[in-house]
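Spelled out, the chains give:
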Amino acid sequence: RAAAPAAPVKHNEGRILAVPAARQLARELNVDLAYVPGSGPNGRIRVADVLAFSQQATQAPAAAPA
Amino acid sequence: MTKSYDFDVLVIGAGPGGYHAAIRAAQLGLKTACVEREAVGGVCLNWGCIPTKALLHAGEMVHESKQAADFGLTFSGTSLNIGKLNGWKEGIVKKLTGGVSGLFKANKVTLLTGQASFVDDHTVKVGDQTHTAANIIIATGSEPATLPGITVDQQVIVDSTGALNVPDPIPGRMLCIGGGVIGFEFAHIYNNLGSDVKVIEFLPTVIPGADTDAVAAFRKSMEKQGIKVATQTKANRAEKKADGVHVELEDVKTGAKTVEVYDRVLVAIGRRPRTDGLNPEKAGVTVTDRGFIPADRKQRTNVPHIYAIGDVASNPMLAHKAMKEGLVAAEVIAGKPAEQDAVAIPGVVYTSPELAWVGLTEAEAKEKGYEVKTGNFPFAASGRAMTLQSTDGFVKMIVEKDTDLLLGVHIVGPHASDMLGEAGLALEMAATATDIALTIHAHPTLGESVLEAAEAVHKQAIHIVNR
Amino acid sequence: MTKSYDFDVLVIGAGPGGYHAAIRAAQLGLKTACVEREAVGGVCLNWGCIPTKALLHAGEMVHESKQAADFGLTFSGTSLNIGKLNGWKEGIVKKLTGGVSGLFKANKVTLLTGQASFVDDHTVKVGDQTHTAANIIIATGSEPATLPGITVDQQVIVDSTGALNVPDPIPGRMLCIGGGVIGFEFAHIYNNLGSDVKVIEFLPTVIPGADTDAVAAFRKSMEKQGIKVATQTKANRAEKKADGVHVELEDVKTGAKTVEVYDRVLVAIGRRPRTDGLNPEKAGVTVTDRGFIPADRKQRTNVPHIYAIGDVASNPMLAHKAMKEGLVAAEVIAGKPAEQDAVAIPGVVYTSPELAWVGLTEAEAKEKGYEVKTGNFPFAASGRAMTLQSTDGFVKMIVEKDTDLLLGVHIVGPHASDMLGEAGLALEMAATATDIALTIHAHPTLGESVLEAAEAVHKQAIHIVNR
Ligand SMILES: Cc1cc2nc3c(=O)[nH]c(=O)nc-3n(C[C@H](O)[C@H](O)[C@H](O)COP(=O)(O)OP(=O)(O)OC[C@H]3O[C@@H](n4cnc5c(N)ncnc54)[C@H](O)[C@@H]3O)c2cc1C
Ligand SMILES: Cc1cc2nc3c(=O)[nH]c(=O)nc-3n(C[C@H](O)[C@H](O)[C@H](O)COP(=O)(O)OP(=O)(O)OC[C@H]3O[C@@H](n4cnc5c(N)ncnc54)[C@H](O)[C@@H]3O)c2cc1C
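Line by line, the protein sequences are chains A, B and C.
Note that the first sequence covers residues 1 to 66 in the working numbering.
Note that the second sequence covers residues 1 to 467 in the working numbering.
Note that the third sequence covers residues 1 to 467 in the working numbering.
Everything labelled a hint here was simulated from the structure, so no lab data went into it.
Glycine included, every Cβ here is placed at the ideal spot set by N, Cα and C.
Mixed in with the good hints, there may be bad ones.
As the list claims (entries may be wrong) - Under the rule of at most 30 Å between Cα atoms (straight-line distance), these lysine-lysine pairs were calculated in the DSSO-like manner:
hint, chain 1, residue 1, chain 2, residue 2
1, C, K401, B, K298
2, B, K336, C, K459
3, C, K66, B, K66
4, B, K459, B, K368
5, C, K224, B, K95
6, B, K373, A, K10
7, B, K108, C, K459
8, A, K10, B, K298
9, C, K401, B, K336
10, B, K401, B, K368
11, C, K105, C, K336
12, B, K125, B, K298
13, B, K373, B, K459
14, B, K298, C, K459
15, B, K224, C, K84
16, C, K125, C, K282
17, B, K105, C, K373
18, B, K108, C, K401
19, C, K459, B, K95
20, C, K94, B, K224
To be verified - Here chain B is said to cover these stretches of chain C; the calculated rule only asks that three of the stretch's residues, wherever they fall, bring their Cβ under 8 Å from a Cβ of chain B:
hint, region
21, 58 to 65
22, 79 to 86
23, 94 to 108
24, 314 to 324
25, 339 to 352
26, 416 to 430
27, 446 to 456
What the hints assert, rightly or not - Listing some non-contacts, in silico: residues in chain C with all C-beta distances to chain A over 12 Å:
hint, residue
28, D6
29, E38
30, V119
31, G162
32, I170
33, R173
34, G209
35, V303
36, N376
Can you build the whole structure from these sequences, using the hints too?
See the structure below:
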């Protein structure tokens, strides 16, 4: 069996800084913002960050050897 | 198999919460009805936000017509036709409530007229008809709280609804019981229209919940304009006599009692959620001791297909909160990823100067454990404010010390409510004081004072000496 | 070894660009001087932004005092003391320019009075004294452009400076040559004060550069208020005669000429950079054919320790651009990472309704290759605008189709300039229409119309029918 995928990294604790559209998109894509690295100042999360995170998350299993 | 209902969504109450919910639900393709027993538009359009702002504008114009003497414009033979004033105000209300009815039609929302009461968790009775719905949104709003010992007759002892009807002649002596937003808006209206106005407040501060510095500047400006203010004072009793209403006032600290005589008394001590005749228990919906129907961030009550929004759901009892929650409920029902996740809900007192704020007060921020920096910029240093003859007040910005993240903005000044747009967006976008300071603000605008307050946080405001 | 200079920074010109540069340089610990030959505050405080806004407010009050009849407030007699009006306006200017002088002192900026001219790239002569500086900031501003065939006498044929002095009596017939921001602000002032005003513009549109839809609504509102507007029209000649100034107007399309007679003529056809007596060539500083001193994003001219900011550096000739560039130049000199990297520079016409915008117009966005969506929300549907008796205009939002990113906001309406705060921050923060739509905006405010325009982009505005 392949090695278990690396445990997700929690990037944000407490107050999560995300713009309104990113918060909405995260709910739509079922993404937990606590795990999304924000590219803005203070780790602010933008729409693109949520998209990138969710793409990575869906690609990760496929990339892992069977 | 899914059961079939008359409607996908049935909204109870056509106030701002309810009509926003109904219109958004319809926009999203849901078959929607909205029940209203009194007047489309609810408290906000009929007896709240809108008619008060109309009267505030009128009062403000009386004031500005006097102030115009400063630049050489004087008027003689001033006359105010009270009938016309009330009519103008009602005309605006009619235009807006008619607008909402029109929007219901255009969006194909079925308006059901009458008192709604639950039969079961999918069935609501309106008059002698019953209607079923897959989802129900409770948006029944709130009503004025009453004061034992003081009976509202809507003539000389009024609540906010009665106070909207400006009497002819304007009352000579007026007492506002309650120094909150509503109390002060009416105090300001009647003061400008010529009444001798006093505001009493039970708590040690007026506009409880607003930032202490902002409230101090606000109170000072109100007093400068002639409104008397007494805090830690309560009204025990009011008795109508030939020479006016005799009100027994009590100093809460000393217990000392005095009787004062007024021509009109306004009771504006708060509002309470309204569920009379609704029978929510028939649907199994929880109601708290204080009468609220609690809801989660998706506006769901304890019964998952029944939602509660607006004043009936929770404080603060504000129209824009009701609107937001209405949209959230409708979108959740339509399967959208909506949530009431607002970072902050703005508050405004529409006097002149206005008091407006969004986000944490300095005290709240400290209570929550933030280390804060603040920046203040007075309108006395604003060129635009000078040209508008309105230099009382300031912008106060509260920022987290290490991160520079904006926590709250508190404004006393001209058009303060207009400046909340930027402040509110800044909070939602997790902006820093630096973001605001680096953004070009048009000159000469009042908004520059927001920029200067942000600069003041860093001790780099230009138009004041930073200390 | 570094050479030693009298000052770390010497700023030439104490207009908004120059005084911002000087104060920020001093705040950052640099030994700073500022040279001014005429009046601290420059065009903006003395003959531009501020006095116009004072007169606009006064004119607006005349207008509002008439409009007050709608709600029953009437006056039998109105009188305007022109001397007092001019005095009030000058009082505000004095307070502000005195304020800047005070800020110079408090921040330890040395004010040098007189004409500055370069001796070499580190030496400037002021009167008969020379001063050396490690860095020099050129902030000499701009002056009114002149029109061949029309000689300004500042009495009956005036430029913007002469127009600030309101004559007694108010001119009966007035012509504004130039339908830009300045032309319309004066047209609006004099129209409200009682003149019969016509604006002519050479180009096919007034307020060139602003969004076409916004300009159309703006022009319509101005015409409704009685201002006559003629585009594609130029003034060839003006001759003073006993019965007034005879102006030859030419229809640019047909070449047809007519002569019209006016009591006062304003020439407001634009402004040009000002470097008279400065001798920049002695410092090796490049000046363009059109008289600008070009600068890079760090405000550096071709000579790296000499900076140019404000009107003398580039268009748009606006005070807030000058201020920003002043701060950038000072910070760059102090070794800070500053840059003039503004996403957008707002523009405002302070008439009533105001026309205000920030970011790309629809045409500009398309030219740049963006696929756009737009959203419009009319103030006729805004409760707050109704209570302010000002429902002309709308908010128009321009958004990139795929990304929902905000590209521009164009507002015609009451307090439009106040709403730029949110729009400008949104652009700088790279906000989307969704970000704005999800942000709670206080009710009832004008700012809600910005939210509704954002919702309209998605065909989900509440208070209009979305098509
Ligand atoms: C004087 C005054 C000024 C105010 N000014 C402002 C302001 O400037 N800004 C602001 O944000 N807020 C203001 N408010 C508060 C604002 O009016 C409320 O927050 C807002 O109206 C709440 O909206 P809602 O939709 O929750 O309820 P409501 O507006 O109270 O509407 C509820 C509706 O439901 C109907 N209803 C109730 N029960 C039933 C039933 N069983 N069957 C059928 N219909 C029913 C009622 O008739 C009513 O029309 C003001 C309030 C007052 C009194
Ligand atoms: C009627 C009018 C209304 C306007 N309204 C607005 C508005 O509402 N908003 C807005 O943003 N802009 C407005 N403007 C434009 C605004 O005034 C200018 O953009 C702004 O003043 C430019 O600032 P500045 O610092 O570059 O130059 P200026 O303000 O022109 O200042 C330059 C200063 O340098 C001095 N100077 C020049 N040469 C020398 C020298 N050789 N030695 C010493 N001193 C020298 C001058 O005396 C002057 O004080 C308006 C302009 C006018 C005319």
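Unsatisfied constraints (hint numbers, rising): Result: no hint breaks.
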